[in-house]
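Chemist: Listed below, chain by chain, are the residues.
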Amino acid sequence: MRIPLALLALTSSCFSALALDLKGRIQWNEHCEGLGELGQTKVVLDNGRLHGGVTQDGTFVIPEVPAGTYVLSVLAHDHAFEQLRVDIFETETLPEVRPYFPGTPLNPPSTITLPYPITLTARGKHDYFVPRESFNVLAMFKNPMMMLMLGAGVLVLLTPMMMKNMDPEVMEEFKERHAKMSGAQSALQSGDLMGGFSQLLSAANEEAKGATSVAAKGPSALGAKQRGGKNKKR
Amino acid sequence: MRHLSLFLLCLAACTHALHSYEVGVTDWHKPLAGVPLVQSHSTAPVFHRRRYEDGQTSSVVLTATQSNVLAAIHSANGSIAWRHIFDDDDHIIGFKRDTDIVVALSGPGGANFRVFDSNSGHLLLERRLHDLAAGRLQEPESLGTSVGFGAEEKEKDIYVLTNGHTLRRLDRHTGEVRWGWTAPDQTSSVLYSKIFVTLSTVYLLGLSKSFASYTLHVTSLSPDGGVVVYSGNVPSSIKTGFSQAFVLSDVSAPDTVPRVVWFEDGKIKSLELAPELTAKPATVKGAAYKTIEDVGLSEYGQFVAIAENGSGRVIKLTPEGLKVIWEYSDSATSPTRTGSIYSGGLDVDGHPYIARVFWAHSLKTMSAHVFASHLAEGKGLVTGYTFPFKTGEHGIIRHVAVEAANPEHYRVLARLAVTTTTGAVQMWQKDQLQWTREEGLADIRVAELVELPERKIALHLDSEHETFGARVARQLLDAQDFPQYAVNFVRRFVTGSYTSVSTPVVAPTNASEPLSRDAFGFRKVIVAATPYGKIYGIDSANGDVLWSRVFGLGWAAQVGGQIIPAKLFVTRTVNDGESPQVVLVTQRKASNGLVDTVLFHVDALTGEDARRQSPSNDLLQGEDAVSGPLVEAFLLPTDAGRAVVLLDEFLQVHLYPNSDEVKAAFAAVAPSLRIPLRSGPPGQRRLTGHQVPSEVEFTGLHIAYPTWSLPFPTGEDIFAVFARPTDPVASLGKVLGNRTTLYKYLNPNLVGVVTGPPSTAPLSEKATCGVYLLDGAKGTIIYHAILPSVGGRCDVKATLVENWLVYHYYDPEVVVNQAKGYRVVSVELYEGRGVDDKRKSSDMSSLSNATTDVSVYEQAYVFPRGIRTITPTSTSYGISVKDIIVANENGQIQSFPRRFLDPRRPKHKPTTEEAEEWLIQYDPVIPDDPKRVLSHHYQVAKTQKIVTSPALLESTSLVFAHGLDLFFTRIAPSNTFDVLSESFNKPQLVVTIAGLAFAIVVVKPIVARKKLRERWYD
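Going down the list, the protein sequences come from chains A and B. Be aware that the first sequence starts at 32, since it is given in my numbering, and climbs by one per residue. Be aware that the second sequence starts at 833, since it is given in my numbering, and climbs by one per residue.
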């Protein structure tokens, strides 16, 4: 009366002789270390009518899958998995597994085939939150705008001191140049483009000239000026 | 308007996402298991003591539930230890526990076999035992399936009986089938239903149907190879099936020969189980019996027999046969108490206890008598006590599971896990209530969010006539709070701790204060009704039950019945000046088959009967509005307030409240009503439009008459009819980048219909599903799409808001480019033939021909996954962008921004004009962004419906999802543009200003000195 195992298996699957139990496993990795982290998870084909649950050791079996082309996906709550294209044939051959990207046509199939039984790994853990922007003085000063402002502030404080220590002749020149530049700037601002340009150009020319002339004049003139300055102060 | 919408779009562009600090503050999640299935021993709640490796034990209540969940609930605190959610079409048939594992069978005939770790709930094994189509459906479902464990000390194998005739021995760890045995005569009438395993033999108990009763059939097999030793009938005649036949054995006395016990014609018969079954049936001598009950202690050799007079007796298996060891005193049938529930349980050491629980009418309390057979030197000891079960709040006890402790001699401490008719699960430790789980909330049928009134700050009574002294006294009294106010003001000013959108909405105030809303209107009352005859008021701030009422059955109380909620309407809101009220429309199905429509009218804040018919601590009695089933119900705002309009099966119009004012107001608006109703037999479904005449018939009721009819194709049945929510529409048009306007098609009679093949029809690949938009006033089809079915099944989810229709389906297409997957289609309807074609559809006469002048913009997208329900957000003025919220099959509540679903997304790089509208280039795939998962780590399982409701803040919409779990959160589709941003940094502002002030202080003398010097030296 006892019926052999094979016969029993046959009777249980007599309705779908061509169906196959699709097997695979989820490889635990650093994103997902076990079923406790993964939670109750299903591996589904297409819209989920055929599915299998992930067991504690990561394996899953989707029973009685008829021949056809399917898209396999993992319904995990907190983890991301890739989708696969699975072809199951009417013959005894093993299913073909290929990577699949959602939204792309299934045909032509990808040329890459993956081994069977299917191995899946978590590609990452979903991050649901955005970090809070908290007040941080250091971060505030790391902001380039802030740094510029700080730099400008330092300059404002330092310029009078630098001016004080500067050589009077250089100072004179600097003032001159500054006046020209500001003149050009104001001209530009007022819309007189040509005038501004010509002023800039002339300023540049004179600068070149001035540089040579200063070098030519030598130290005497410099000394006289210095003395003059000193006299004035006293 | 244009600038505003641009501004909002700009805001929408910046992604809104959750902050981790908002978890549990702005949202809450109540995981539920569902109402325990108590009809069968194999699914009913049972205590299970878990043993850990360090020798510690803890106890859980294991149960299978009506929501198709297998759950373990901590006995100590009532939280869920673990739960496994089964698919909707994979019914749990039963489970059986061993020390460290739980085995569950599910599906037709027990097709799916699963093994769980009893401590963690992890799935250890999953196996399909037979093809689903080969599964035999039995009534009850548990018939023909059984699970047994081997009799060895350790490494017990699992014996599984499925489909009534197949027995398998499976390895405990691998699930590998060691051997299988199938009854040779499957066509015969023997249906096996029980397994009993000893070291030497596996017994299968079946019933074979004979002329008027069943005959017990026993087959014994060898456990090693599954070889049949003996198979034959036992001379017996059992009337009621397997509820009164079981095997008794005693684990504490392994030498005692196990017996099969059954009930036959007022007698208890038993037969010794030996492999060859040579013994003759014996009868228990003594009184005549009414019935016998397996109380879950058959492995401990005890069961309860009810004598003719109703008194309960405990019968024990002894080496000499069955023996009555105890008779519960005062357990005979009596008008002073209800019938008793018997339940067996164990203590830590494995001693059996049997509890008898009944309601004493005279004392108005529950009584429990716990019998312990091993105490008092083996003579047996009963501990009796009463416990204050609130029957007005939780209905009647339907099932009791018991666990006992024996801390000292002659003292028994019993713990009862009680399941009630209203779906509550309670834990009583002696007479102390440990915890209550309202599992009925796992099956909410209708829910509505009701706004709360403002807090009354000061009451100025009669200020005209008060004397000077009284006024000074009052003002002094009022002024006593001033210092506190001033302190608060300063603190608020300095620290910037304003009420923000992410602060908890319930201030820790005293509970006696009446319910009031918070600053932004985030706090509401969720009124929800369940088919377990209960209506709840839930605080949306934290999910606590504020009040609950149990429905009275009215006249049906005599025969019994069930009240099934159909619709819930808010008939009075806080804007009407008084406390808000709701009307629940229900169908009462009496046990004698009569169906009535009953209304329950309650105060939403307290749960008091608004009709003042039932006292507050008693059952809530409803009003029988229609004696007959309901066809349609809707809320009609009239001049005399909001009225509930009910249509019965003869299309008679019933009104509630049925006052003369309401009648007159209804008669005035009746001719303008257009009511589309489903009609026709299955296979010839049609939608028929109805109108109501202003004159009443001789019965005093208006009778609606059909005006148009829209037949659907023969292969299409109506699955759902949906309409646009009644939210206000802020703008009638959409200004485009080129300064033209598309006017929204806002026909108030627009209804959507989802169709699919009738459930009676055979599944066919060719079947199609359909989505229609109809003019509900005259039946014109305005939009129609034919969608593919998946093997003859349709699962189309659709929602309509303003002029925007969104539907979701699965496309199994394998023809053109083979890109199967989920699709979402976004459809927008605009008036006329194009831009600047204004037809005023929102207040157009329904007779106008212009209602069909519609231009349709639509676009299909690939959706990341399947969904369970879909709903748009809802805000108080409709200015904010409408997002789409879905409950996906991963147990997440996720929002999808309108920008991605916009049907006008260009297929090319957006031009400047399109960029001005914030349109982004078409991309077929809608991104699956975890940052938009509103439910984040919460697993919101089996969501049936999402209810959205506006807050006082225009930017924010409240979201309540119910199904198995309850989940509440809020969402700002256009960001919170009407409150100071969460990220606004007051300290930074203060520091900057302080820094500048400091700089001024430092620089000022320097500048002054410099100026002075310049005066001197220049």
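FYI, nobody ran anything at the bench for these hints, they're computed from the structure. It cannot be assumed that every hint is accurate.
What the hints assert, rightly or not - Listed next, with one range per pair, are the computed distances between beta-carbon atoms:
1) A:ASP88 to B:VAL1180: 28 to 36 Å
2) B:ARG1010 to A:TRP59: 41 to 49 Å
3) A:ASP118 to B:LEU1467: 51 to 59 Å
4) B:GLU1286 to A:ALA183: 46 to 54 Å
For each residue, glycine too, the CB sits at the ideal point set by N, CA and C.
Chemist: Checking against the hints above, which ones are violated?
Modeler: Structure breaks hint 2 only.
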